[in-house]
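Participant: Line order of the protein sequences matches chains A, B, C and D. Sequential numbering from 8 applies to the first sequence in my numbering. Sequential numbering from 8 applies to the second sequence in my numbering. Sequential numbering from 8 applies to the third sequence in my numbering. Sequential numbering from 8 applies to the fourth sequence in my numbering.
Please note that a few of the clues may not be correct.
No copy labels: a pair is met if it fits in one copy or bridges any two.
[Unchecked claim] Calculated pairs, DSBU-like style, for lysine-lysine (alpha carbon to alpha carbon, straight line, at most 30 Å):
1. 18 <-> 78
2. 203 <-> 18
3. 18 <-> 160
4. 203 <-> 156
What the hints contain is simulated information worked out from the structure, not anything from laboratory work. Fair warning: this is a prediction, and the values are worked out from it, not measured in the lab.
Number of protein chains: 4
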Amino acid sequence: MIISMKPHATKEQIDRVRERIEQFGYRVHSIQGDERVVIGAVGVGDVTACLEQLEAMPGVESAVRISAPYKFVSREFRQTRTRIRVNGAEIGGDEFIVIAGPCSVESEEQILRTAEAVARAGAKMLRGGAYKPRTSPYEFQGMEEAGLKLLRKAKQATGLAIVTEVMSESDVDLVAEHADILQIGARNMQNFSLLKALGRTTRPVLLKRGMSSTIRELLMSAEYIVAHGNPHVVLCERGIRTFETATRNTCDLSAVAVLNELTHLPVLVDPSHAAGRRSLVPPLARAAAAIGADGLLVEVHPAPENAISDGAQSLAIPEFERMMRDLVPYLRLWRETRAAAGDATM
Amino acid sequence: MIISMKPHATKEQIDRVRERIEQFGYRVHSIQGDERVVIGAVGVGDVTACLEQLEAMPGVESAVRISAPYKFVSREFRQTRTRIRVNGAEIGGDEFIVIAGPCSVESEEQILRTAEAVARAGAKMLRGGAYKPRTSPYEFQGMEEAGLKLLRKAKQATGLAIVTEVMSESDVDLVAEHADILQIGARNMQNFSLLKALGRTTRPVLLKRGMSSTIRELLMSAEYIVAHGNPHVVLCERGIRTFETATRNTCDLSAVAVLNELTHLPVLVDPSHAAGRRSLVPPLARAAAAIGADGLLVEVHPAPENAISDGAQSLAIPEFERMMRDLVPYLRLWRETRAAAGDATM
Amino acid sequence: MIISMKPHATKEQIDRVRERIEQFGYRVHSIQGDERVVIGAVGVGDVTACLEQLEAMPGVESAVRISAPYKFVSREFRQTRTRIRVNGAEIGGDEFIVIAGPCSVESEEQILRTAEAVARAGAKMLRGGAYKPRTSPYEFQGMEEAGLKLLRKAKQATGLAIVTEVMSESDVDLVAEHADILQIGARNMQNFSLLKALGRTTRPVLLKRGMSSTIRELLMSAEYIVAHGNPHVVLCERGIRTFETATRNTCDLSAVAVLNELTHLPVLVDPSHAAGRRSLVPPLARAAAAIGADGLLVEVHPAPENAISDGAQSLAIPEFERMMRDLVPYLRLWRETRAAAGDATM
Amino acid sequence: MIISMKPHATKEQIDRVRERIEQFGYRVHSIQGDERVVIGAVGVGDVTACLEQLEAMPGVESAVRISAPYKFVSREFRQTRTRIRVNGAEIGGDEFIVIAGPCSVESEEQILRTAEAVARAGAKMLRGGAYKPRTSPYEFQGMEEAGLKLLRKAKQATGLAIVTEVMSESDVDLVAEHADILQIGARNMQNFSLLKALGRTTRPVLLKRGMSSTIRELLMSAEYIVAHGNPHVVLCERGIRTFETATRNTCDLSAVAVLNELTHLPVLVDPSHAAGRRSLVPPLARAAAAIGADGLLVEVHPAPENAISDGAQSLAIPEFERMMRDLVPYLRLWRETRAAAGDATM
């Protein structure tokens, strides 16, 4: 920690700050500047609690942490990439993984048809919502357990692993029974009760970045899951909220490159939610591969214009097939770059 | 709904859109412009589902809703202000209500001392967190049930109603047993499972605006609670996330004036979380009263520099007393303005 | 400056950083932490240049400035409020100053009628645009010199001082001939050529905060004007750009309180541009007075529905009169609070 | 235009709106809904002025434009890509163009060495600032005319075309004499006086997106230049301001895909300013190529740790060489995709 005192802080205020730091178990180093005193705290202690108290003390101008607030998810903690192996496919490994499927599970026919089509086109996992976080209470809230069963059927038919969202602690066990990867939606990224509950499961977790969460907060939420016992976390950039309205959200692709530096966890990109418009999905998918993401989460629907939700951003099956075909040379480049980088950043 | 077709939309595309609208039970009116066709849909139907499908149809450029997506919480639904009566005090009524207390319940002495002090200074309710949503898993997570019991003790000692946060569906019953108003924190504003659970209780709910939620989304989340059975909702502006870093968040005071036009629900302001710095709390409190808020949520701690959390933004007791004294003439003006406005906006 | 080295920075990298700091004339203090070395630089030198170079050096994680980057505009430089006296009225003094008028000067009748009405209602200065910064090249660009002459006529008729925008360096002299205060619009807040040009005039400058400029950047732009020779600067908060769309911009009222702590320059609020909707102007005006602004900039038009620009946010004359009447008790409180505060923050 | 009346708008208010619309030369179509009347206006007129007036009329809830507010820069106006040919290189054509060089021109040796290195590595144009828009008046403001002359020397030595910023109308002629492409910086994107001045030159203009400007506003600013006579405009995405602080700005790469749909003008990406950190530049450069940008603007410095400005985001020459080598397979793909797309979006 570095504590800057105010220009006119008194000697007594400075002494109280020094004492407080020492009570937390740190060693103190002061620098007497021309305008102010700056104090460095070195050692091991409860940084957060200490910072909060220092910031509240008279004479203190600012108190900042120097080390990262997360540990298990950091690159320092683990130099090799985390690989999440599910049902024969591996996220974070040597292949770029495409997870595709409809926003909501709507019917047996819909989900089976989509699953078969996306599997044929090269997707390795199936996404589909059985529990839907909708802004309005009057919108379709998902097929719930019936939807989970249909996803399982689709898995049996195609071999695709299942990724689906869980919205409530009380549904965790049920969802974990049917799905291979449990998704936490953007709106629940800081639902800490849910994060803890998923920390206690053994299923991998796909954690979506909150709409206006910083990269650091995303990593802290991942740290919650890992610290509570579950190291199998996949991160997902899905667009952040900005002033721009030409796209539904602003896809923060540089976050992928930043995360590759900071964490060993795999990072996916969801171009569908980021853009909100299907024509933008293929170019964003290419860019995600180029910047070094580990894969994609893409919305596909057999008839987008009949979709109950997110139709405007869902690819029709032929569009998805075309995107997968067009991605082929980019994925060849991806594999070369990944192989050359090994566990280093791409 | 108003649907704008693309400039080169074909007749067939236009016909399919018209049919789809009619299937949803609306009447169709077309306008043939020089560049494009615009279609109006009139009547009663499932707007959201219809819009989502239309947006996904070929030839459609945009499809927008004209009526508000919420109903029970709107001014159209109810012209008179909702008054939430708790333990002798009334939010949304003829008095400006100050709810004060520490960020976290830390000890019996701390909460009792604070409760007595804020009661003496004019606060009508006591706030204090027993369950704490912390960004880091390594930070203090609250005293939980023990904290709830201390809050109850403070109520017995002072007569203040208790406002405290509930973070998990599974805690709702326990918290409702001890508290008078259940708070939903900013990070859970779109935790729809929790919103539904609170819709099934009879306790009033204090719903904080998400850090980057629009006013419309705040109202939709309130609508969730009301639509699930609980009409006793209080809204709270607590600062939104912007690019500005001089304050912890940006206090969106105009949201109070906007909400007063759109909804009959009461609106509080939390200047402590909005500003993140105690020196800004008193001026923001004055401004909140002036703009027509129904009250404040303020952090007060007997020794901010020892607070486990949020010390920098907590007022010490003498600071709170001074703020309450300085507010007196502003609250007299508030009462005059409120009395003159009646149920109209201030 | 505080420079944090990366955890694995080499001794050589650290030595090179120390040398560089010393070349800039600073004294160096190192702190050897458990994880990393932190270096403090104390003394007087070219901070900005030094920081930029340090950030680019190998082994450096971050380099941050501790002292504020502005000087003349800071509270440390001058403890007493700056008062801008123009034509008998004083901004930053003992009265809350309302500057009112239309967005654009449109005709002699329009500007004279407005000027007379706002003067009668208590405004002390007249605003009106002769040069209009419009997003589209196809929109009305202002009456230019003819508009300036009409403003002057309005001054002669009413005694109101004139505030008007200058958009181009080449217009500065002409505008300065006709106007009492030269306004820099939000879009030009970082038009440094224009800032320098206004630094060379003697007219007071009203500097509007850029739509997405931080408070620090606003102060830096003010510093430009002062450093180039003109100390007569008035700041103006006019709403910042955020994700919220219910208002045209988000009025950052807490910026007023922050600025009162950081600078001796007066601060106005423009509720019209901030809100974008006339019904929100009166509540924001009350809040601006309550939080300690020095005055308002308000759009008023004799017939808003015929206004060439900004009609939706302009008050009709009777609305302005009513707002001014309703403000009376708030301004009495304002004067009491200001008198009690003196040169300290309100 | 589509005008939604308020639910309780009176017949008289509706009639006045209809009349106003007709006065502007439009035909009127009304739709009587269950809750409200919606009015469509069809034809040709001064949309902006009409909308502004309608929004201010009693009984009007909202008035929205349906057609785009720009014309010359739109894809509808021109279906084939605009190619900007300068000194043998072509932006918007069959090659991905890299423009590289230092933030500021600092000395003859610095600019010549950089120019030779980037030319050898494959850059087609040289960037370098002679006039620098600096947040602080105390920072280096550029070498001005002497810098322009050094750029010219670098051109003579290497054959690279010169791209440099112009900040002031009064410098336009001088800069145009020395440079091949005149750059408008992000902070001047809505300096309309400067836009008009550049509309009157014949030099191509590189227009950088404002830090918090929407895509629509960027196109409107380009429209200013074109409407004033200069059709040679290149757009540049350079990162937008958001709440995220891990990067200097948030690189909005999807803006490239959106712009490719909306306009025929070429679009560059500036990963250096967007990211603010050199390690992120190569991954962003790959992503920019993949998403279909027409080229890059990259900061390169022979000794970033001695750079006067932007050292942290400047690539050293060997880093730039490596990036260019690594880009080779991505640019091969780029050419294939571009050739297949022709004038259509990539």
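Participant: Up to 30 Å between alpha-carbons, please classify residue 203 paired with residue 156: within, between, both or neither.
Facilitator: both (25 Å within a copy, 24 Å between copies)
Participant: Can you give me the call for residue 203 and residue 18, within, between, both or neither, at a CA distance of at most 30 Å?
Facilitator: For residue 203 and residue 18, the Cα distance exceeds 30 Å both inside one copy (44 Å) and across copies (42 Å).
Participant: Given a CA cutoff of 30 Å, do residue 18 and residue 78 count as a within-copy pair, a between-copy pair, both, or neither?
Facilitator: Answer is between: at 25 Å across copies they meet the 30 Å cutoff, but 36 Å inside does not.
Participant: Pop the pair residue 18 and residue 160 into one bin, within, between, both or neither, using alpha-carbon distances up to 30 Å.
Facilitator: neither (72 Å within a copy, 40 Å between copies)
In summary, the numbered hints that this structure violates are 2 and 3.
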